[in-house]
Amino acid sequence: MKSSSLKRHRISLFAFCTTIAFFYAPLLVLILFSFNESKTMNWSRFSLRWYADLFMHSRDLWEAFCNSAFIAATSASVSTLLGTLAAIGMYWYNFKFKKYVQVASFLPLIIPEIIIGVSLLIMFGVMGLKLGLFTVFVAHTTFCLPYALLIVSSRLDEFDYAVVEAAYDLGASEIQTLLRVIVPVSMPGIIAAFLVSVTLSLEDFVITFFVAGPGSSTLPLHVYSMIRFGVSPVINALSFVLIVGSVLLAFSTKGLYKYILQK
Amino acid sequence: MKKQVAIILCFMIAVFLSCSNSGKQKLFIYNWTYYMPDDVLRDFEKRFNVEIVYDVYPSNEDMFAKLKSGASGYDIVVPSQDYVSIMIKENMLSPLDISKIPNFKNIDTAVLARITFDKGNKFSVPYMMGGSGIAVNKTRVAKYEKSWNIFNRADLKNRMTMLDDMREVLGAALRSLGYSVNSTNPQELDKAKQVVLGWKANLCKFDAEAFAKGFAAGEFWVVQGYAENVMREYDSTKTSEIEFFIPKEGGTAYIDNLVVLKDAKHKDLAYSFINYIHDPKVYAKIIDYLRYPCINVEAKKFTTKKSNYELSDIANSELKNDIGESLELYNKIWQEIRVGR
Amino acid sequence: MRRNYGPAYTFPVAVWITVFFVVPIAVIFLYSFLQKGLYGGVVGHFSLAAYSALANSTLLIVAATTVFQAMAATALTLILAIPAAYYIARSKYKTLFLLLVIIPFWTNFLIRIYAWIAILGNNGFLNEFLIATHIINSPTQFLYNQYAVIVVMVYTYLPFAILPLYSTIEKFDFSLLEAAQDLGATKSQAMVKVLLPAIKSGIITAILFTFIPAFGQYAVPQLVGGRDSFMLGNVIARELTVTRNWPLSSSISVVLTLVTMIGVLVFVKLNGKRETA
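Residue numbers (numbering that gives the first Met the number 0), protein chains in the order written: chain A, 0 to 262; chain B, 0 to 340; chain C, 0 to 276.
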C-alpha cells in the first residue's frame with residue numbers, strides 16, 4: 000500500500016517540492032550573500048563582516064526589528080481574534096448589520112494601500128492621535144482583518160452544525176460551545192489566519208510609512224529608505240538571524256516541538 | 000510555551016526600556032538612511048547631551064505626502080530644492096535666523112548664488128549638492144562618448160537603464176537638446192519625448208531602486224543615476240572598473256537642504272544641529288563618508304578622501320526647480336513614454 | 000430558540016472597521032469629488048475633474064495590461080497552490096510544512112527580490128550555469144519583462160493562496176475520494192468532481208488573496224519589470240505622491256473598488272453562496 004500511496008500523491012508532492020524550491024532558492028542566495036565579503040552580488044570570499052556590523056553598529060536596525068516583531072505579534076493576534084469571532088457570528092446568524100460588515104470588512108483588501116495609509120494618517124490627525132506604535136498597530140490590525148475573516152470563514156464552510164447542536168443539547172453555554180467545540184475544529188483556519196496576518200504585518204511598507212511616528216520605525220521602513228545609498232548586506236545577515244531565531248523559537252519547548260511535529 | 004512568551008516579552012521590554020526615555024532632550028530628524036554618518040550624530044549627542052531620534056524616508060515625494068497629510072513631530076527634515084520651495088509655499092517651514100548659525104559663512108558663495116528656490120536662505124541651509132550622471136562599467140564598454148547619446152547606442156541594447164523618474168529622464172533629454180530642465184514649453188517637451196522614446200528602445204528598463212545593485216552585479220553596463228548610490232553599492236576594491244561622469248551637455252542637479260518645520264518643538268536644538276553640521280571638521284567627516292562635492296569652503300582643508308566628482312563638473316547641470324502646474328504635462332508625457340505611445 | 004449571538008460576535012469587528020476604516024476611506028473618497036490643491040491635498044470646491052480625467056487611453060491601456068497580468072499570476076498561483084496545499088493537508092507534518100512555507104516570507108521583500116535578480120539576472124546564477132554547461136552561448140534575459148513580473152507575483156502571493164486552501168482542504172473527508180474510486184472513478188475524476196467542489200470556498204479565497212493584491216501591485220513591476228512595465232498600482236501611487244493629484248488617485252481607487260466589488264459579487268454568486276443555518 001505504501002508505494003501506491005506515494006504514487007497517489009505524486010502530483011501534489013511535485014507541486015509541494017516545486018513550491019519549496021521556489022521559496023527557498025532566493026532565501027539560500029540571500030543567506031549566501033550575507034557571508035560575502037563583497038557588498039555586491041558577486042561572490043568574492045567568505046567573511047563575517049556583515050554579522051559584525053549587525054551586532055556592533057546597528058542599534059537602529061534592532062530597534063526597528065523589535066518594533067516590527069511587536070506590532071506583528073499584537074496586530075496579528077487582535078485581527079485573528081476579531082476576525083474569528085466575526086466569521087463565527089456571520090456564518091450562523093443573520094442580523095441587521097451583517098451585510099454592512101461583510102462589505103466593509105472586505106474593502107481593506109481591495110483599496111490600494113497608499114490610499115489606506117494616507118486616509119488613516121489624516122484621520123489620526125483629526126482625532127488628535129499622536130503617531131507612534133499604537134497607530135501602526137491600529138493600521139496593521141485593520142488591513143489584516145479581511146484576511147483573517149475570510150480564512151476562518153472558508154474554514155467554517157460546511158461545518159457540521161450537528162456537532163454544535165449536540166453541544167447545546169447537552170447543556171453547554173454559548174461560551175463553552177465556542178471554546179470547546181467551534182474553536183478547536185476551526186484551529187487550522189485560525190492558525191492559517193494568524194500566520195498570514197503576521198506575514199502581512201512584518202512586510203508592510205506603504206501603510207506603515209504613513210502612520211508611523213517619530214521613533215517608531217519598523218524594519219521595512221529602514222530597508223526601503225536605504226535604497227538611495229545602497230541596501231547593505233547587513234539586512235541579509237539580520238534576515239538569517241531572524242530565521243534561525245524563529246526556528247529555534249518554534250522548537251524551543253517540548254510542547255511546541257511535539258505540536259509542530261504532530262501526526 | 001508560556002516560558003517562551005515570557006522570555007520574548009522580557010527581551011522586548013528590555014530593548015524598549017534601553018531605547019526610551021533617558022531624560023535627555025530629543026531632536027527629531029527626518030532624512031534618508033545613511034545620509035548622515037553615525038559617528039557625526041553620536042558626537043552631536045555627546046557634545047550637547049541630547050538624544051537624536053532619526054527617522055527615514057525613501058524619497059521627497061513620500062516625505063511630503065506624509066507631512067502634508069498631517070504628520071508631525073519632526074524638527075529637521077532634509078528636502079531637495081524643489082520641495083523646499085513647495086514647502087515654503089505651503090507654509091510648512093519655520094523661517095531661519097541665520098545669525099544663529101554662525102557656520103553658515105563657511106558655505107561656498109558660488110553654491111549660494113545658484114539657490115533660486117529660497118533666495119536669501121530664509122528657510123533653508125544647503126546640506127549637500129549633487130547631480131545625476133551616467134555610470135559606465137569600463138570592463139564591458141570599451142569606448143564611449145561622455146554624453147547622453149550613449150543611450151542611443153543599439154549595441155548596448157538591454158544593458159542600460161535610466162532612472163524611473165520623469166524629471167530626471169525628461170531633464171536629461173531636454174539638456175541633450177540644449178533646453179532647460181525646467182522647460183514648460185510643449186514643443187520642447189515633445190521633442191524631448193521623442194528623444195526619450197529613441198533611448199527607450201535601447202534600455203532594459205527604467206529603474207530607481209535596483210539599478211545600482213544591478214550595475215554592481217554586472218546586470219547593467221550603463222546606468223543613469225547618482226554617484227553616491229553606484230559607488231556605495233560597488234566593491235570598493237574594484238571602483239577603477241567603473242567611471243561615473245556628468246555628461247558634457249550637462250544634466251540635472253539637486254541641493255538637499257536642512258530645514259526646520261514650522262511645528263518643530265525643539266527649534267533651538269535644531270539651530271545648534273544645523274550649525275554643528277557646517278562646522279568644518281564635522282562637514283569634512285561627512286564628505287569623506289559620502290564623497291559628495293564639498294560645499295563648505297573651510298571643510299576642504301580637513302577632507303582626506305577624494306569626492307566622486309567636483310562642483311565644477313555640475314556647473315553645466317541645472318537645478319530641478321518646482322514647475323507648478325506643468326507637472327501635469329510632464330506626467331502625461333511620461334506615462335505615454337512608459338506605455339510606449 | 001437560542002438567542003441570536005450574531006451581533007455579539009460581530010460587534011467588535013463592526014466597530015473597529017467603522018472607526019478605523021470606513022470613516023477615513025469615506026473622507027478620501029470624498030476627495031475624488033473635490034478640486035486638487037496645487038501641491039497636494041484638496042481645495043474645497045466640488046469638481047468632477049478627477050473622474051473626467053479617467054477617460055484617458057493611456058490609463059485604459061495600463062488597466063488592461065494590469066488585469067491580464069493579474070489574471071495570469073492568479074491562474075499560475077492556483078495551479079501550484081492547490082496541489083501543494085493538498086499535499087500539506089494530507090501529510091503527517093502539517094504544521095511543520097506550514098511553517099516551512101511561511102517562514103521565508105518573514106524576511107524582507109526587497110532583499111528577496113534582489114536575490115531573484117542574482118539568480119535570474121543577465122549575470123545571475125542561472126545564466127552562468129547554463130553557459131557553463133554549454134546549453135546556451137550568451138546570457139538569456141529572463142528578467143525585465145512581463146513574464147518576470149508574473150512569475151515574481153506568483154512567488155509573492157503563493158503563500159497567501161496556500162494557507163486558505165490548506166485550511167479548507169484539511170477538513171475534507173478524504174475517504175470520500177476512496178469511495179469515489181471504489182465506485183469506478185479514476186483518481187483525477189475523483190479529484191475534480193469530489194475534492195474541488197468541496198474546497199470551493201478555499202479556492203475563492205485564494206483567488207481573492209492573489210488577484211486583488213496583484214491588481215494593485217507596484218513594487219514588483221518596478222523591480223523586475225521591463226521598459227514597458229507600468230501597472231495600475233504605479234499610477235495610483237504616482238498620482239498621490241509624484242503628481243500630487245489626490246482627487247485623481249482617489250477617483251481611480253473609487254472606480255477600482257466599485258469594479259472589483261461588482262466582480263467579486265458576481266463571481267461569488269456564480270459559484271454558489273455559502274449557506275447559513
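Worth flagging that the hints you see were computed from the coordinates, not collected in a lab.
Quick reminder that beta carbons are idealized off the backbone N, C-alpha and C, glycines included.
Watch out, some of these pointers could steer you wrong.
What the hints assert, rightly or not - Interface residues of chain B toward chain A, partial, derived using beta-carbon atoms under 8 Å:
(1) Trp31
(2) Thr32
(3) Pro36
(4) Asp42
(5) Glu44
(6) Phe47
(7) Ala153
(8) Asp154
(9) Lys212
(10) Tyr233
(11) Phe244
So, going through the hints one by one against the coordinates:
Because the beta carbon of B/Trp31 sits about 5 Å from the nearest beta carbon in chain A, less than 8 Å, this interface hint is met. About 4 Å separates the beta-carbon of B/Thr32 from the nearest beta-carbon of chain A, less than 8 Å, and the hint is met. Interface hint status for B/Pro36: violated, as the beta-carbon distance to the closest one in chain A is roughly 11 Å, over 8 Å. Look at B/Asp42: its Cβ only gets to about 15 Å from chain A, farther than 8 Å, so that hint breaks.
With 8 Å as the threshold, the beta carbon of B/Glu44 stays out of range of chain A, its nearest partner Cβ sitting at about 12 Å, so the hint is violated. A distance limit of 8 Å between C-beta atoms decides the matter here; for B/Phe47 the minimum to chain A is near 18 Å, and the interface restraint is violated. For B/Ala153, the interface hint is violated, since its Cβ never comes within 8 Å of a Cβ in chain A; the closest pair sits about 27 Å apart. Because the closest C-beta pair between B/Asp154 and chain A is about 24 Å apart, greater than 8 Å, the hint is violated.
Interface hint at B/Lys212: satisfied, since its Cβ lies 7 Å from the closest Cβ of chain A, which is below the 8 Å cut-off. Given hint, B/Tyr233 at the interface with chain A, holds; its Cβ is 7 Å from that chain's nearest Cβ, closer than 8 Å. The beta carbon of B/Phe244 comes no nearer than 20 Å to any beta carbon in chain A, farther than 8 Å, and the hint placing it at the interface is violated.
The structure fails to meet hints 3, 4, 5, 6, 7, 8 and 11 from the earlier list, while all remaining hints are met.
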